[in-house]
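Protein chains in written order, with the UniProt record's numbering: chain A, 1 to 272; chain B, 1 to 130.
The set of hints was computed from the structure by calculation and includes no laboratory data.
One or more hints might be untrue.
[Said to hold, decoys possible] Listed next, the in silico SDA-like pairs over lysine to any residue satisfying Cα-Cα at most 20 Å (straight line):
hint	chain 1	residue 1	chain 2	residue 2
1	B	LYS111	A	GLY28
2	A	LYS81	A	PHE65
3	B	LYS39	A	LYS81
4	A	LYS154	B	LYS111
5	A	LYS50	B	GLN34
[Stated by the list, open to error] A short list of chain A residues far from chain B (calculated; beta carbon distances all over 10 Å):
hint	residue
6	LYS74
7	ALA132
8	LEU184
9	LYS226
10	GLU230
The beta-carbon is built from N, C-alpha and C at its ideal position, and this holds for glycine as well.
The primary structure of each chain is shown beneath.
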Amino acid sequence: MSPQNIYLSPSIRDWVVLPLLLIMILTGLLRTLTSQLLRSPKPLKDLKLKTFLQRTSRLRSAGGFISRDRFTRKKSYYTQKNTGALQKEGPVLSSFSSEVKPTGGMPNPATAMEGMMGNASFMIQNMIMMNAISHFFSGYILVRVPFQLTEGFKPMFQKGIDLPTLSTSYVSSLSWYFLVMFGLRGVFRLIVGDPSPETLQSYAIQQSLGSGFANAQPFKHEQAFKSECEMLEIAKYRSVIEGSERELLGDMYPKGKRRGKKANRKDDIFGE
Amino acid sequence: MMNQAAMDPMQGIGGPPTSSSSSTSGIGRAIFNQQISHKNTTNLSDARTYMGILLGVVSGICGLRDLRGFVFFFGGHVGVGAALMVKMEFDVKSYSAFQSATSFLLSDIQKCGMGYMLFWTLFYSLCYCF
Chain A
1 MSPQNIYLSP
11 SIRDWVVLPL
21 LLIMILTGLL
31 RTLTSQLLRS
41 PKPLKDLKLK
51 TFLQRTSRLR
61 SAGGFISRDR
71 FTRKKSYYTQ
81 KNTGALQKEG
91 PVLSSFSSEV
101 KPTGGMPNPA
111 TAMEGMMGNA
121 SFMIQNMIMM
131 NAISHFFSGY
141 ILVRVPFQLT
151 EGFKPMFQKG
161 IDLPTLSTSY
171 VSSLSWYFLV
181 MFGLRGVFRL
191 IVGDPSPETL
201 QSYAIQQSLG
211 SGFANAQPFK
221 HEQAFKSECE
231 MLEIAKYRSV
241 IEGSERELLG
251 DMYPKGKRRG
261 KKANRKDDIF
271 GE
Chain B
1 MMNQAAMDPM
11 QGIGGPPTSS
21 SSSTSGIGRA
31 IFNQQISHKN
41 TTNLSDARTY
51 MGILLGVVSG
61 ICGLRDLRGF
71 VFFFGGHVGV
81 GAALMVKMEF
91 DVKSYSAFQS
101 ATSFLLSDIQ
111 KCGMGYMLFW
121 TLFYSLCYCF
């Protein structure tokens, strides 16, 4: 069966196809930029305390890269009784305690709802657009998809067009809407571009410290500092170059000190 | 793209620089830089998205239909991935989060495929239906 070749009116291209594409691009950009503008700022003081804790956890995990003496001095700076930076009476907590107001352990509902509102606005906008497009642009073909679809897709992709003999590759406005909606996801990223390095860093910090619903819970700084202090106190120093001579020499590393007449002094590369 | 492997500071002293696959393995320790990694991932994704759109435009203008269009997209996507691998000197693990060449070549295929279909449909209709 030869494929159908139907030529559509150029007015459909000029007044429906291209404007719909433009509208979808602009609404997507509007949604993205609006969500960026309306994003509520995270409390700075909590972030400062959390990044301070990140420094101490880095000392615990990567302390082997510095000398033993330095590690000990840094550890002492953080954990020294009564004056250490992680202590309750220390300089960090005492300076922040007056600024961080206790919320009584109640979660912040505004922060928790933020993510849900974003998704809800996207869904609502989609539903409105779908209904508007199927209402205003129904009853005619918009585009032809360059591949054959099965007859089962006919009611969905040719909504408003009652032509049983029409090929399924000719579709109506609603399917064009779906095609544009899914196809523009990658395009938006190219249009909007990368966020600035400062924004990326703030996203990274917020992600590492927990985002969305997790931020609804207030940050219990005293408890966190206390547990971090205890973990740092029991942390042991282990240099990263420990065992490096064994790794370098491999099989040539002497197995043990040999004594007695059978010892072959030529094997002992370290002398006696 | 930058290689973040921190090499031995003693390398090259007293002789020609040795390759990283020498018998004294353990020299050099890879350091993960999140900013660079994110930038690499973004660049890879953007390159693939651009090529997906371009492939869609080309196939729409050429009038490719049905299976030929899909094969054209698949071949183009893999070709773009291969070109990116040549740029990375086939060291996929160092420059991206993928562990194998196959997963790298087939990554982002859905996102790029949707963009390809949009522009394929649009330009096919513009050239052959209006």
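Hint by hint, here is what the structure shows:
1. The straight-line distance between the Cα atoms of LYS111/B and GLY28/A is roughly 16 Å, inside the 20 Å bound, and the hint therefore holds.
2. This hinted pair does not check out: LYS81/A and PHE65/A have alpha carbons roughly 26 Å apart, beyond 20 Å.
3. Note on LYS39/B and LYS81/A: the hinted pairing is violated, with a Cα-Cα distance of about 44 Å set against a maximum of 20 Å.
4. Only pairs whose Cα atoms come within 20 Å are accepted, and LYS154/A paired with LYS111/B is rejected, the gap being roughly 25 Å.
5. Our distance criterion of 20 Å between C-alpha atoms is met by LYS50/A and GLN34/B, whose separation comes to about 19 Å.
6. Every Cβ of chain B is farther than 10 Å from the Cβ of LYS74/A; the closest lies at roughly 21 Å, confirming the non-interface assignment.
7. Listed as a non-interface residue, ALA132/A keeps its Cβ farther than 10 Å from every Cβ of chain B; the least gap is roughly 20 Å.
8. With a least CB separation of 7 Å from chain B, LEU184/A falls inside the 10 Å interface cut-off, contrary to its annotation.
9. Even its closest Cβ contact with chain B, about 29 Å, leaves LYS226/A beyond 10 Å, as expected for a residue assigned away from the interface.
10. With a least CB separation of 28 Å from chain B, GLU230/A remains clear of the 10 Å interface cut-off, as annotated.
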